[in-house]
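Protein chains in written order, with our numbering: chain V, 1 to 188; chain Z, 189 to 312.
These are calculated hints, taken from the structure and not from any lab test.
Beta carbons are placed, not taken as given, at the ideal position from N, Cα and C, and that holds for glycine.
Just to be clear, a hint being listed does not mean it is correct.
[What the hints assert, rightly or not] Restraint ranges, calculated between C-beta atoms of paired labels, are given here: (1) V/166 <-> Z/202: 54 to 62 Å; (2) Z/252 <-> V/62: 25 to 33 Å; (3) V/24 <-> Z/240: 24 to 32 Å; (4) Z/244 <-> V/130: 46 to 54 Å; (5) V/94 <-> Z/201: 21 to 29 Å; (6) Z/249 <-> V/151: 44 to 52 Å.
[What the hints assert, rightly or not] A partial selection of chain V residues facing chain Z, derived with a Cβ cut-off under 7 Å: (7) 37; (8) 80; (9) 92.
[Claimed, not checked] Derived DSBU-like pairs (lysine-lysine); straight-line CA-CA distance at most 35 Å: (10) Z/203 <-> V/127; (11) Z/203 <-> V/83; (12) V/165 <-> Z/197; (13) V/83 <-> V/165; (14) V/127 <-> V/165; (15) V/135 <-> V/83; (16) V/135 <-> Z/203; (17) Z/197 <-> V/127; (18) V/83 <-> Z/197; (19) V/135 <-> V/165; (20) Z/197 <-> V/135; (21) V/83 <-> V/127; (22) V/165 <-> Z/203.
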Amino acid sequence: MGGWLSETVEQTVEDAVDRCAAGDRSAFAEIVREHQAMVYSLALHFLRSPSLAEDLAQDVFLELYRNIGSIQSAAHLRFWLRKVTCHRSIDRVRRRKPDGMISLQEVPEPAVAAQARDPLLEAKLWKLVATLPDKPRMAIILRYQEEMELREVAEVMEIPINTVKSSIDRALELLRTKLSRSMGVVRT
Amino acid sequence: MKTLDNELKNLLRRKDPPEGFAERVMTRLDERPARVTFARRFYAFFRRPVLRWAAVAAVCVVAVLGVVRYQHEQRTRAQAERASQEAIVALRITNEEIDAALERAQHVTLRALQVPRNPKLQME
Chain V
1 MGGWLSETVE QTVEDAVDRC AAGDRSAFAE IVREHQAMVY SLALHFLRSP SLAEDLAQDV
61 FLELYRNIGS IQSAAHLRFW LRKVTCHRSI DRVRRRKPDG MISLQEVPEP AVAAQARDPL
121 LEAKLWKLVA TLPDKPRMAI ILRYQEEMEL REVAEVMEIP INTVKSSIDR ALELLRTKLS
181 RSMGVVRT
Chain Z
189 MKTLDNELKN LLRRKDPPEG FAERVMTRLD ERPARVTFAR RFYAFFRRPV LRWAAVAAVC
249 VVAVLGVVRY QHEQRTRAQA ERASQEAIVA LRITNEEIDA ALERAQHVTL RALQVPRNPK
309 LQME
């Protein structure tokens with residue numbers, strides 16, 4: 001049932017891509033609606049600014065419109081959108097970096113330990129993720145937001161799979177250490 | 189207690205963009221055609237590596253053909269000039285030979301006219 005549904009969605013997206021390549025703008029609107037949450041969330045989680053994320057997501061879709069002729073399938077479209085969003089987000093952050101990003105090790109411990117379901121935990125984790133270096137942070141976002149395999153993350157980010165694996169492992173270890181110190185025990 | 193994996197999945201779950209996102213993208217798309225000039229389309233066309241190299245190759249072929257054609261024309265012009273000179277020389281020679289022949293003919297005629305007449309015949 002799920003497979004049939006996803007096949008239908010893929011077919012619909014591919015039809016929309018074909019129609020869009022033939023000049024049908026309403027088909028492009030369908031493509032945007034289908035993928036807007038993915039693109040916007042990747043940008044939002046990385047940039048942590050709704051306005052910057054929306055701006056970047058719009059740019060990504062405009063670029064997609066210019067390159068729609070090169071899209072070969074629904075899977076290729078998802079890959080293309082993830083890749084362009086990922087690289088543009090990293091570029092955007094690098095351009096506005098000098099305002100003082102701090103490393104994970106520099107993040108102060110919270111004064112009071114919180115409950116496991118406390119919103120403070122989420123806020124703390126959000127802050128810790130935001131302090132990761134660019135590439136490990138993007139790898140974590142792709143891995144957990146999009147639930148991608150390491151190989152897929154490596155392809156999207158255009159870095160070796162071993163680098164992805166070590167970056168994610170190191171980042172998780174740092175997050176775990178920081179969280180366990182501040183919030184109590186966190187299991188993997 | 190939730191695991192770190194679950195916490196991260198929950199934290200990084202997809203979120204919808206603000207209302208009207210797709211419409212705003214389409215609005216920006218509608219603004220674009222005015223800015224897409226012929227020059228931009230031209231440069232965008234040649235940004236594709238294959239076409240860029242094809243254009244370079246076409247320019248080279250046209251240049252080589254131009255040089256070959258120029259040399260061919262130069263050669264043809266030189267041959268025509270030489271042929272024309274030869275024709276003039278030939279005509280001059282022919283003219284001189286005709287003059288000489290006419291002169292000889294005139295000379296023979298004059299000599300024939302100067303032969304003394306038979307006196308006997310004159311008496312009668």
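Tested hints:
no., hint, result
1, V/166 <-> Z/202: 54 to 62 Å, "violated, 27 Å"
2, Z/252 <-> V/62: 25 to 33 Å, "violated, 42 Å"
3, V/24 <-> Z/240: 24 to 32 Å, "holds, 30 Å"
4, Z/244 <-> V/130: 46 to 54 Å, "holds, 48 Å"
5, V/94 <-> Z/201: 21 to 29 Å, "holds, 26 Å"
6, Z/249 <-> V/151: 44 to 52 Å, "holds, 45 Å"
7, 37, "holds, 5 Å"
8, 80, "violated, 16 Å"
9, 92, "violated, 16 Å"
10, Z/203 <-> V/127, "holds, 18 Å"
11, Z/203 <-> V/83, "holds, 19 Å"
12, V/165 <-> Z/197, "holds, 18 Å"
13, V/83 <-> V/165, "holds, 18 Å"
14, V/127 <-> V/165, "holds, 22 Å"
15, V/135 <-> V/83, "holds, 13 Å"
16, V/135 <-> Z/203, "holds, 21 Å"
17, Z/197 <-> V/127, "holds, 15 Å"
18, V/83 <-> Z/197, "holds, 20 Å"
19, V/135 <-> V/165, "holds, 12 Å"
20, Z/197 <-> V/135, "holds, 18 Å"
21, V/83 <-> V/127, "holds, 24 Å"
22, V/165 <-> Z/203, "holds, 26 Å"
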